[in-house]
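**Q** Given chain A, put chain B in place with the hints provided.
First to last, the protein sequences are chains A and B. So in this note's numbering, the last spot in the first sequence is 383, and the numbers never skip. So in this note's numbering, the last spot in the second sequence is 1568, and the numbers never skip.
Worth double-checking, as some hints may not be accurate.
To give a feel for the contact side, a few chain B residues facing chain A, derived at Cβ under 7 Å [unchecked claim]:
hint, residue
1, A1069
2, L1076
3, L1078
4, G1083
5, G1105
6, T1536
Where chain A lies over chain B, by a calculated footprint (3+ residues, C-beta under 8 Å) [as the list claims (entries may be wrong)]:
hint, region
7, 1008-1019
8, 1115-1127
9, 1348-1355
10, 1423-1432
11, 1549-1559
By construction, these hints were calculated from the structure, which means they are not laboratory data. From a predicted model like this one, the values you see are computed outputs, not experimental measurements. Think of the CB as a built atom: it goes at the ideal place given N, C-alpha and C, for glycine as much as any other residue.
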Amino acid sequence: MDATYIFLQHYWWLLVSLLGALLVFLLFVQGGQSLLFTIGKNQTQQKMLLNSTGRKWEFTFTTLVTFGGAFFASFPLFYSTSFGGAYWVWILILLCFVLQAVSYEYQAKHGNLLGKKTYQIFLVINGILGPVLLGAAVGTFFNGANFIVEKQNLTDLANPVISSWKTSWHGLEAAFVIWNVLLGLAVFFLSRVLALLYFINNINDDEIRKKSRKQLLIETVLFLVFFLTFFVHLLIQEGFAVDPQTSIVSKVPCKYLHNFLQMPVVLAVLLVGVVGVLFGIGKTILSQTWKKGIWFAGTGTVLTVLALLLCAGWNNTAYYPSLSDTQSSLTISNSSSSLFTLKTMAYVSILIPLVLAYIVYAWRALDIHKITSKEMEENEHTY
Amino acid sequence: MIAEIDISLIDWSRAQFALTAFYHWLFVPLTLGLGIVQAVMETIYYKTGDEFWKKTAKFWMKLFGINFAIGVATGLILEFEFGTNWSNYSWFVGDIFGAPLAIEGVVAFFMEATFIAVMFFGWNKVSKGFHLASTWLTILGATISAFWILVANGWMQYPTGMGFNPDTVRNEMESFWAVAFSPVAINKFFHTVLSGWIIGAMFVAGISSWYLLRKREIKFALSSIKVAVVFGLIACLLSIWTGDGSASQVAKRQPMKLAAMEGLYEGDNGVNLVGIGILNPSKKEYNDNEKAFLFKIDVPIPKLLSYLAFGKFNEYVPGIKNILEGGYKQPDGAIALSAEEKIARGKLAIDALSEYKKAKADSALYANKADSIKIVLAAEIENYAETVSDDTGATSQALTADELFSGKTAEIQTKIVNSRKQLDDNFDYFGYGYIKEPKDLIPPLSLTFYAFRVMVILGGFLLLLFALATYLSYKNKFETKRWLQWTCLISIFLAIFAGQAGWVVAEVGRQPWAIQDILPTSAAISKLSTSSVQLTFFIFLALFTILLIAELKILTSAIKKGPQINEQ
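The shape of chain A in the complex, shown without the other chains (with noise of 0.2 Å):
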C-alpha cells in the first residue's frame, strides 16, 4: 500500500483519537449533572451549579457530534458497521443525549410542561448514563463486538446488506461483557472528578468549594478502583493484530502491552497523562487554596485517553474486533475511506489549531468572571 495513504490513516486515527479523548475530558459536564443532588443543598447551589458546568454543555455536544462526523469521514466502514448493528447501545447514547439539550434551556423556564424537577432528573440521567454507556461503547474497542462484514452481499439483490450483527440483542450485549462495563463506570467516574475540580475552579462559593473537595476523594478512590482493573486486564488480554502483508487477522496475547512497549511514544503520553491526572487531583486534595487542578487532570484525561486510542488502532491492531468472524475485524486499513478522501479532509484538519484557538480564547473571556451567588440573582440569562 502507498506510504502516504498507510501515513494518512494512521493521522486520521490520531485525529479520531484526539476528538475522542477531548470528548471524554469533556464529559465533565455530564459529571457536573450526576452531582446537581450531592453538591447542590438548595436551590442556589444547584443553579450555581448548573451554570457553572452547563455553560460548557455545547461543547461536549458538538465534540460528539464532531466525533461522529469525523469517524464516519475517515473511517466509513466503523460508521456503518456499528451504529447500524449495535443499535440500542447507540440508540441510548443518542437520547439521553437529546435529553440533555434541551433540559438546560428548559429547566428554570416558565411553562416547560414537565416542571423543573423532571428536566434537573433528565440531566442526572444524563449525566450517568452519557459517561457509562461512551465507556463501554469504547470498551468494545478492545474487547470486540458480533458482525460480519462481506461487501460480497451488495450484489445479493434479496439482501444486499454488507455489515450485519450477530446477536439480536444489537449492542446490549456489550453489558454483559464485564471490562466494558468496568471502563463506563471508570468514565463515569472520572466525570465525576473532573466535575468537581472544574466547580472548585469556577465556582467562588466556599461551601460549595468545601464539599467538593471532600467528595473527590471518595469519587478518586472509586474512578482508580475501576480504571486500574480495567487497565491492568488491558495488559494482560488477548488482542487483535493484522499482519500488515496479508491483512489477515490473528489473535495475540498481550497485544495491548505490546503496541504500549513497541511505540514509546505513546507510552510517554500515557504515562505524563497519568501523572497530570494524579498531580492535578493530589495537590487539590493536599491544598485547600490550589484550584488549578482541572488543567492538569483535563490536560492528563486528554493524553491518557489519546493514548489508550492509539493503542487500540495504531501497531497494526484491529481497532474494532470481530468476535463472530475474526477476519471481519475492522482495521484502520480495511476500513477507511479513499486515499483522496483522506487527503482532502487532511487540508481541512489544518483549521483545527484556529478552532481550538478560539475556543480558548472564548472560554477565557468567559470564564475569568466565576460563577457567583450575586450573578444567579441578577436577572441576567442564566440556566
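**A** Showing chain B alone in chain A's frame:
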C-alpha cells in the same frame, strides 16, 4: 435473522428519518432567520448605543435560545441515523458523504457552540464589539453548517465528482470541488437558507403583531416589524430566483421528480404549468386510460413549465409515462432509455460486480494454490527425472504443468477485465438493478404534487404579505391595520408549513432513490428487525412531541411576559 429485506423495514426506516427531519426542520429555519434579525438589531444597538435596541435584541435572543436547543437535539439524531438506519448507504457512499459532515462539525458547529455561549452569557463579561462579533459568528456558524449538510443532500440528488471502486465496493471521491460546489448543492443551500430567513422574519413580524393586537409593547413591536418585514421581503424575492434555479436543476437531473411535481403523465413540447388542480384518485397505473386530473387550472402564461424547466417555451418536457417508456430525445441530445432497459443494465452492472469480486477472489486463491502445487510438482518432476532416464519426458511434463497454470491465470485475468468493463459500461444504472418493476420508479405522486402547490402558493402569498407590510410599516400605518396584524400572526404557521412542503417535494419527490440512480432506499438500509425500528420510531415520536409541546409552552410564556422595556 432476516432472510430477505422486508418492505416494512424500508418503510419504517424511512418514516423514522422523515420524522426526525420533520422535527428538525421545525426549529432550524427559525434559528437561521431569527439569528440574522437579532444580529441586525444588536448591530443597530452597537452603532447608536440606544439601550432600546439592546433590550429588543435580547428579547429575540431569548426566544432564539429556547428554540435552538431542540434543533440541536434533533440534528444529532439525524447525523447518527445515517449509520444506525442506513448502514449500507454509509459504506456505499461514506467516502464522499462523510466529508461534508465532518467539515460541518469542525468548521461550523464549534463556531456556533463557542460563540453562542458568549452571546448568551457574555453581556457583562466581554466588550460590546466582541459580543456583537459573537452574535454574528453564531449565525454564521449555523449558516455554514446548513451549507455543508445541504452539500451532502445535494450530492444525493445529483451524485457527482466520484467513481465506483469495485475492489472496495463503494463510491470514492474524485473531485472535492465538484461535490462542494455542485450547482444542485449551491442552489439548494440558497433556497433552503432563504426559506429559513422567511420563517424567521415571519416569526418576528407575527409575534410583534400579537403585541399590537394586545396594544402593548407598541414601540418594540413596530421597531421589530420594520426590521423583519424588509428582511422577509428580500428573502422572498431571492427565494423566487433560487426556486426557479432549483426547478431547472430538477428538470435536468431528476425528470421523474419534475413530472410528479406537475402530475404530468404524457409529456409534450411547450407544456403549461399547473396552477391548481385535483388529481384523479381512480388513476391507479401510469399507463391506464384514466385522466390524470379531475380538475385543473393552468397558470395563464402558456408553455410556462417548458420555459421554467429548460429556458425555452417549446422545449419537450417528458411525463411519467415517457420517462418509463423511454425513446424521447433528452436535453443533451441522447435518446432516453426505457425503465426496463435501465433495470436490465443495472442488473448487468450488479452481475458484473459479482463476477469481478469472484474472479478477484479466485485470482488470489489460485495464486496461492498454484504456488504450493508448483512446489509439489517440482519435487515430483525431480523424482520422475531420477527414475526415468529419458530426460525429455520429464521436461515436457513440467511444461504442460506451467502451461496449465498460465492458461488458468489468463482465464481469470480475462474475467476480471471483462467484468470490470461490463460494470463500468453500466454503472450509471447500478441502482436500477435493485428495482423490481418500472412503476416502482414513480414517487408518491399526490404528496409530491400537492406539496409543491402548497410551497409555491404560500411562497407567493408571503411575498405579497411582506411587500404590503413593508409599505404600510414604513408609511407608519401598520399599527392601525388589525387585519394585517392577524394575517401576520397566522402566517407564522403558513411559513413553517411552506418550508415543510418544500422538503416533502425534495425528498418524497426523489423516491425510490437514496442516491439518484445509484442506490435505492431498499438497498441502503441497515439489517435490523422491523420491530426495533418501529419501537425507536415511536420513542422518538413521543419524545419529540413532548419536547415540542414544552417548547411551545415556554415560548408562549416568554412572549406573554414580553421584552419588559420601559417605552416611556
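**Q** If any of the earlier hints don't hold here, list their numbers in rising order.
**A** Of the numbered hints, 3, 7, 10 do not hold.
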